[in-house]
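Engineer: Sequence:
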Amino acid sequence: MQAAPPVVPQSIVAALSRPPDALAASGSAVPIRVPLRSDGRDGGAVPRSEHGQAWAEDTLSLREFVREWVASDVVAAKVLGHPACPSTVAGIALSLERDATDGAVARQAVYLPVGEAVEDDDSLPGAVARRRVVDTLVRAMLSAETAARRAGLEGGSKASLALDGERLKGATASTDAGELTAAEVWAVWARLLSWPGPELAAFDAKLLFYPALQACPSLAGGARPVADVLLAAWMLDPDAVANGVARSRGDAAPGGGAAERSRQITLHDVSAAYGVELPPAVLRVAPAGGAAGRGAPGSGAEAGDGAVQLRSLAGHLAMLAAVWRCLRVLLSRSGMLPAFWGQEAALPCTLASIEVCGMAFDPEPLTTARSALTALLASLKAEANELAGGEFMITSNKEVAEVLYERLGLVASAQRQAYKARGPAKRMHKTTNEATLLQMQDQHPLPAVILAHRKANKSLTTYVEPFLKHRTRARIGVPARFLEARRPVPPALSELGLPPPSAPLTHEAEPLRLYSALLQTCTATGRLSSRFPNTQNLPKKATEIGTLRPPATAAAAAAASPAGEAALPQSLNVRSALRASAPNRELVSVDYGQIEMRLLAHFAGDPAFVAAANPEMAAASLDPGHSAAASSGSAGQPDIYQLVAAQCFSVAPASVTASQRQQAKTCCLGFMYGQGKADAARKLGVTPAEAGAVQQSLRTKFPGIVRFLASARSFAKAHGWVPTVIGRRRLLPGIRSANQAARSQAERQCVNAIIQGSAADVIKSAMLLLGAVIAAARDAVFGPPLSRECIARAASQPPASVATPASQTAVDAAGFESAGTFRGVLAPFDGPTVWTLAHCDVVHQIHDELVLDIPSAPGGAGGAGTAHRGRVCRVLERIMTDLAPAAVERIGAQWLQLVQEESRAGRGAALGGDSVARLVDFAQGFRCRFPVRFAAGPTYGSLVDL
DNA sequence: CCTGACTCC
DNA sequence: CATGGGAGTCAGG
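FYI, UniProt numbering numbers position 606 of the first sequence as 606, with every residue one higher than the one before it.
Worth flagging that the hints you see were computed from the coordinates, not collected in a lab.
C-beta atoms are modelled at their ideal positions from N, C-alpha and C, and glycine is treated no differently.
Treat the hints with care, since some could be wrong.
Stated by the list, open to error - Result set (DSBU-like, lysine-lysine): computed pairs, CA atoms no more than 30 Å apart in a straight line:
(1) LYS717 / LYS665
(2) LYS540 / LYS717
(3) LYS455 / LYS665
Stated by the list, open to error - Label-pair restraints from in silico Cβ distances:
(4) ALA678 / ALA382: 36 to 46 Å
(5) ALA378 / HIS444: 13 to 23 Å
(6) GLU877 / GLY409: 52 to 62 Å
(7) ALA738 / LEU438: 14 to 24 Å
(8) GLU544 / ARG682: 24 to 34 Å
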């Protein structure tokens with residue numbers, strides 16, 4: 001059943017590519033006065049002696065603030081840690097800048113102290129005047145909105161995220177202005193982050209969103225894109241930022257302060273890399289690397305003089321704005337502004353919301369596994385020593401190799417050793433990896449013991465212990481208090497029309513949560529990466545604690561203490577420790593199936609390969625010769641590799657053997673990695689000749705693949721970079737290297753970067769769309785997000801039965817009309833669906849997979865039990881399969897236009913128009929669909945395919 | 001091909 | 001004696 005052609009709601013697409021008004025007005029031709037190379041001390045970019053001038057709060061009148069804000073070109077913002085306690089937030093610094101007619105940059109700056117830490121600490125500048133500042137800013141925001149509207153800068157309705165003005169104004173009037181709660185201050189901050197005004201510059205914009213999300217959980221879908229200097233630098237040269245800058249001796253010295261974390265690039269690094277400088281007087285007092293939130297607590301150097309601190313802050317913000325102006329030019333020149341505004345710059349808020357949400361976590365399976373694993377490791381170590389005939393360190397590969405190869409005289413197969421020993425024919429490298437040890441298993445019992453020890457040790461030290469350690473403490477840079485009381489309203493069952501649970505969801509019943517960081521600028525291809533702990537590489541299969549033990553030992557141990565053995569768990573699946581956040585909720589996982597293979601098919605444009613990669617479309621399109629393949633495939637949906645194998649070996653799809661399928665699969669994946677036949681042969685366990693034959697057959701049957709690979713290489717060679725579908729780039733200087741090894745590495749990377757990077761684009765798009773939809777649903781259900789009264793009202797409404805039409809009314813009454821900006825996003829969805837979406841959390845991303853924590857009706861039997869899940873899956877399918885690729889194409893088309901203009905302008909004279917067209921012809925639309933697969937269950941380890 | 005974590009040298 | 005870089009191994013995509 002072919003669905004109707006995908007209809008992309010305009011509002012969703014608009015939300016995805018919404019640039020700040022200032023940029024939209026001026027386009028990419030905005031005159032920038034900042035020189036790319038600093039040619040003077042202050043060369044017009046930085047006004048002399050202006051820094052800090054307007055920092056005293058009462059020098060900035062309300063009227064002036066409004067005027068400056070509306071007229072500003074760039075706003076630079078930074079969330080500050082308190083010097084005495086960097087993990088708490090002390091304030092927000094804002095700097096408003098605009099180009100004056102004479103070419104100088106006018107600047108106003110505001111320091112907004114917020115947070116509890118400030119209240120008891122008068123040493124922090126501005127704390128004295130906190131009340132007046134807060135009052136000023138609140139009123140300024142409100143007035144500025146009016147002023148902006150009057151000035152024609154309205155920029156679309158922002159009603160959904162507008163401060164509940166009347167109420168707040170009432171509050172400030174009825175009480176002292178200073179009595180604004182911290183939550184209300186954050187609400188103002190959230191308001192700013194959805195302000196459609198001037199560009200908002202920051203370094204690592206994710207930091208801006210942690211506090212704002214607390215005040216406004218639905219901000220995730222409605223935030224403005226931020227001019228993130230870190231992101232921009234990463235887009236301009238992903239490898240440099242992802243791998244960290246080369247540390248020169250110079251930048252560590254002058255600060256004198258703490259040697260900061262390695263690898264993490266700083267504003268200082270970026271400004272140095274692009275030659276943006278500020279007068280030394282400003283820089284001298286700037287905190288090293290702008291790491292206000294990172295320094296050791298009580299490093300008194302910075303806590304001292306208030307004036308110095310303000311000046312350093314001013315310097316930081318000035319630098320921020322200056323660097324941004326520079327990077328904006330470079331992004332524009334390389335045609336990456338659409339990808340920047342439309343995708344990357346909108347993402348930090350979404351990532352912050354996932355980080356702050358965390359995943360509900362049950363330590364029990366881990367604590368029991370910990371003792372089992374500890375005991376197992378001890379006995380394995382003892383047994384290994386016994387088998388080796390002496391003590392050795394089982395975790396040291398060097399010692400293991402010595403024992404296996406020398407003391408015991410074991411041998412691995414010649415093929416493996418030959419591979420490892422290539423190069424200067426010195427000594428054979430003595431590998432101790434799994435494949436080698438498996439080969440030695442027949443000769444001696446020790447290798448099996450070592451493998452078991454490794455497996456158990458890996459499980460214990462990289463999953464079990466870190467998870468138990470991290471669970472209570474945020475190690476991801478989010479101040480701990482933003483991880484508490486995350487929800488404005490506790491999930492009330494009554495909202496779902498469900499019976500009360502056996503145990504009430506009291507505060508005590510709130511599950512522990514595991515938080516990890518999701519980083520946007522740490523890969524060269526555009527994927528996200530996860531750390532502290534990494535939750536993107538959790539083992540899929542359980543580690544079998546019971547069978548890890550070699551038979552002999554197991555029998556002995558069982559004889560020794562049968563009772564104790566029986567009590568220990570036989571296996572541990574780390575994923576089962578991650579679960580839904582309440583008994584009446586469940587996890588849903590949705591992932592793209594073989595998206596990279598489909599993208600390869602798209603780029604190759606090979607009809608036969610497209611047909612094989614898209615069995616779902618086979619019936620609809622494509623030549624009749626292949627339509628039989630799809631229909632006669634195995635009972636369910638025909639498998640992509642099976643179809644490729646059928647072509648490759650010239651057999652009917654139904655008679656493809658497992659071996660043939662595996663060979664086809666390995667070779668297809670190998671194409672994306674630039675894999676040679678030797679590599680493929682080793683992976684398949686066949687001779688290089690056989691592997692080469694399969695590869696050759698694939699090349700013959702799918703000539704489009706060959707053309708694409710060649711085209712990608714020639715494009716890279718001509719330009720020094722390769723693009724993804726939305727125009728993100730990866731620079732590959734090695735492609736022109738004289739060094740053969742470097743050159744062929746770049747040739748392998750260029751194909752991979754296009755495909756892996758484009759897949760990342762598609763899922764990022766999906767994340768943004770999903771965020772927009774969930775935010776809109778929350779606004780609809782809970783009312784305007786910044787009004788606690790509205791939230792409370794929504795929560796206390798009479799229960800609405802999700803199964804009856806009455807719920808539609810209830811949803812409408814709850815404020816569907818007030819959804820504001822994103823109301824159109826919800827148009828395709830009915831009331832119950834909106835209601836369900838409002839209660840969903842996106843909790844994780846694993847490259848081609850999203851994990852959601854969704855409400856789930858108990859009972860299970862009958863359709864009622866899966867009503868929520870069904871609604872969520874329908875929405876997810878629509879977003880991921882229809883809307884996300886469409887959004888990527890749309891942004892990509894903008895990029896293509898820019899490339900073509902650039903090409904016409906003669907800048908890319910060397911590029912062969914042909915190869916560009918073939919590489920970036922996504923503007924024609926994807927030739928593939930990207931179907932998704934669902935799984936659901938109470939824990940991440942027990943997901944069942946749907 | 002792209003990652004991160006742990007371990008030892 | 002600390003510490004950083006590098007390599008090896010292994011978990012994920």
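Engineer: Which of the stated hints cannot be reconciled with the structure, identified by number in ascending sequence?
Structural biologist: Structure breaks hints 2 and 7.
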